[in-house]
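Protein chains: 2
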Amino acid sequence: MLVHEAEPFNAEPTSAALGTNFLTATDTFYSRNHGPIPTLDPAAWRLDVDGLVGTHLWLSLKDLREQFTEYSITATVQCAGNRRAALIAVREIPGEDPWRDGATSTATWAGVRLADVLARAGVTATAGDAQGAHVAFDAPDVSQLAEPPQAYGGSIPLSKALSGEVLLAWSMNGVPLTPVHGAPLRVIVPGWIGARSVKWLNRITVQHTPSENYFQSVAYRLLPPEADPDSAGPGDGLSLGPIALNSAILSPANDATVVAGLVQVRGYAFAGDARAVARVDVSPDEGNTWVQADLGEDHGPWAWRMWSTEVNLPAGDCVLLARAWDGTAAAQPSDAAHLWNPKGYVSNAWPRATVHATPSTM
Amino acid sequence: MLVHEAEPFNAEPTSAALGTNFLTATDTFYSRNHGPIPTLDPAAWRLDVDGLVGTHLWLSLKDLREQFTEYSITATVQCAGNRRAALIAVREIPGEDPWRDGATSTATWAGVRLADVLARAGVTATAGDAQGAHVAFDAPDVSQLAEPPQAYGGSIPLSKALSGEVLLAWSMNGVPLTPVHGAPLRVIVPGWIGARSVKWLNRITVQHTPSENYFQSVAYRLLPPEADPDSAGPGDGLSLGPIALNSAILSPANDATVVAGLVQVRGYAFAGDARAVARVDVSPDEGNTWVQADLGEDHGPWAWRMWSTEVNLPAGDCVLLARAWDGTAAAQPSDAAHLWNPKGYVSNAWPRATVHATPSTM
Chain A
3 MLVHEAEPFN AEPTSAALGT NFLTATDTFY SRNHGPIPTL DPAAWRLDVD GLVGTHLWLS
63 LKDLREQFTE YSITATVQCA GNRRAALIAV REIPGEDPWR DGATSTATWA GVRLADVLAR
123 AGVTATAGDA QGAHVAFDAP DVSQLAEPPQ AYGGSIPLSK ALSGEVLLAW SMNGVPLTPV
183 HGAPLRVIVP GWIGARSVKW LNRITVQHTP SENYFQSVAY RLLPPEADPD SAGPGDGLSL
243 GPIALNSAIL SPANDATVVA GLVQVRGYAF AGDARAVARV DVSPDEGNTW VQADLGEDHG
303 PWAWRMWSTE VNLPAGDCVL LARAWDGTAA AQPSDAAHLW NPKGYVSNAW PRATVHATPS
363 TM
Chain B
3 MLVHEAEPFN AEPTSAALGT NFLTATDTFY SRNHGPIPTL DPAAWRLDVD GLVGTHLWLS
63 LKDLREQFTE YSITATVQCA GNRRAALIAV REIPGEDPWR DGATSTATWA GVRLADVLAR
123 AGVTATAGDA QGAHVAFDAP DVSQLAEPPQ AYGGSIPLSK ALSGEVLLAW SMNGVPLTPV
183 HGAPLRVIVP GWIGARSVKW LNRITVQHTP SENYFQSVAY RLLPPEADPD SAGPGDGLSL
243 GPIALNSAIL SPANDATVVA GLVQVRGYAF AGDARAVARV DVSPDEGNTW VQADLGEDHG
303 PWAWRMWSTE VNLPAGDCVL LARAWDGTAA AQPSDAAHLW NPKGYVSNAW PRATVHATPS
363 TM
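Protein chains in written order, with our numbering: chain A, 3 to 364; chain B, 3 to 364.
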């Protein structure tokens, strides 16, 4: 793991570790935190469900296990700051971690459907009436980085909350969640920025408005390039939610030395939102020519798509590029310079890897 | 109207005409046809609904009006070839019309929900079982451009067909459809390429597979740049469906002469699929600096968003650029050269307009 900060703990797997398997091992899974990691007693833990509900719920883990059907889903979680390093290479972004390609990972999550819990609380698709409704998540980890310091929280629209794919998960890759990944219970919001997959969940509130928590109303927003992030207030910029199309080259690593000739290039692509990856192209010559990569097994829109291809590299230095296309035939933008923003979010330009090819001895 | 072909009739409004109103007047609305325009007798016309249905339906216009609730929706229709001229400027695309920014228009459509008709036929969300299902539309306009010549058709997935926004429309902007726009009944599939909004609808078939009609299985597919479109066969490339984020500058026109100083720049943006336009930026200096445009009234995700701003232009020539962002903070790609494809679809790079500013006499 590449540790960006020890406290709060923020770390990502190396590209090599991330590319090993379709599913990311739990001890390799990236970790993004805004405060100290709480250690909660599963026996004492309760989930409070209130707000615009018909019935206020107060659920133990045993209640969740016994009263609801267990579902599992294989889903990629991705931080809105994933690949920020490519933006920092354009211009500095003070105070934000330089995440490389590993602020994203994929696991199989199991738990109950948020929709089922909301149904038990009497919440229907028309809750909130014409104004609509939002489902807010609260956790006990107090962040000193928030202004003012506050426990972590965030919300998603009711329509997403009622979709079958949003889970309240107690297990990850077949074993109970570890504390760093949100034990005893966390939200998994497939296709949305990791900031909404709230860990250590202890309260769900159905309400008329999006969360006013600092990490939704102020942080995790795309500001225009000229904005001053220190003076940005609630509601400035675009609130991030569904993830935008992105991809990364995991091998060869940037600055790697390889033997000239056929070289395997591998990586991931993730369409985000509810979209699918439709195509990935790789260029061995900085975009003059492209080859279509082979796409790995399709686990549906909630998980990334691994890809690989072989390119023929002459001896010397070259720049590998990749670009993904989604099901609308929308492509990633080419250039990180066009995407720079003061907090360094949505860094989804074509990934680049400079490779040094030494002459083959054959 | 700029007429690309008289037979089949293919014409688009000028940018000036398109920018006049949020709703496009019926006689200004773009017209994309693949064969002669049929003139159907509304009294004799029937709609056949069959395939994976519980009950075969055979409906007259009177049946549709009397047995179903009428709904209306304001929706943009957009051809997959809209803005192809920007790709042709990169490299020629033989045999395809050089649509400018006007192969898209917006109207208020009224008719019945396809979902309601399918429900009457006993079609549920689980039709087709595990393989899923598709809803195919057939029309009587035989196209000599298809190989072999055939009547026009296409399909959408059942999940989209059951969404509330897909209409079988008999009116446009408050009056009955004209023959050129599909009288007596056409499909409106908001957020999807115009090719699926089949005109002169006479048959709906629920089936296990996507339409094998030429205009879906061979045409309206995004081929990779190196493909030979003449030898491309069924299933090659990406099947286009939901529309990708796009925008256009409607004023000033490309190559226009204006007076230096504050100049109003106006255009449209359309996020496509079920997404919303979140932001539009305009650059007066080929991308060195950007200003955020003001967004016009929000009519929801199914209609385009008009935008405008003022930029200060010095005397001389300049290149105006625009770029739209959707709700995932995905931006349009910058460069048409990266998007060139042999049939010229999904031309959604930043729009450009070269403007000549003459010195102000003030």
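It should be emphasised that the hints constitute simulated quantities derived from the structure, not laboratory data.
Ideal Cβ placement from N, Cα and C applies to all residues, glycine included.
Check the hints yourself; a few may be wrong.
So, partial list: chain B residues that the calculated Cβ filter (under 10 Å) puts toward chain A [stated by the list, open to error]:
(1) Ala82
(2) Glu228
(3) Gly243
(4) Asn350
Covered stretches of chain B, as calculated for chain A (at least 3 residues, CB under 8 Å) [stated by the list, open to error]:
(5) 198-208
(6) 289-298
Tested hints:
For Ala82(B), the interface hint holds, since its Cβ comes within 10 Å of a Cβ in chain A; the closest pair sits about 9 Å apart. Interface restraint check for Glu228(B): the shortest CB-CB distance to chain A comes to about 8 Å, inside 10 Å, so the restraint holds. Because the beta carbon of Gly243(B) sits about 7 Å from the nearest beta carbon in chain A, less than 10 Å, this interface hint is met. A least Cβ separation of about 7 Å between Asn350(B) and chain A falls short of the 10 Å threshold, and the interface hint therefore holds.
For the stretch 198-208 of chain B, the proposed coverage by chain A is not satisfied: 0 residues have a C-beta within less than 8 Å of a C-beta in that chain, short of the threshold of three. Chain A is given as covering the stretch 289-298 of chain B, and this holds because 3 residues of the stretch bring a CB closer than 8 Å to a CB of that chain, at least three being needed.
When the structure is compared with the earlier hints, a violation turns up for hint 5 alone.
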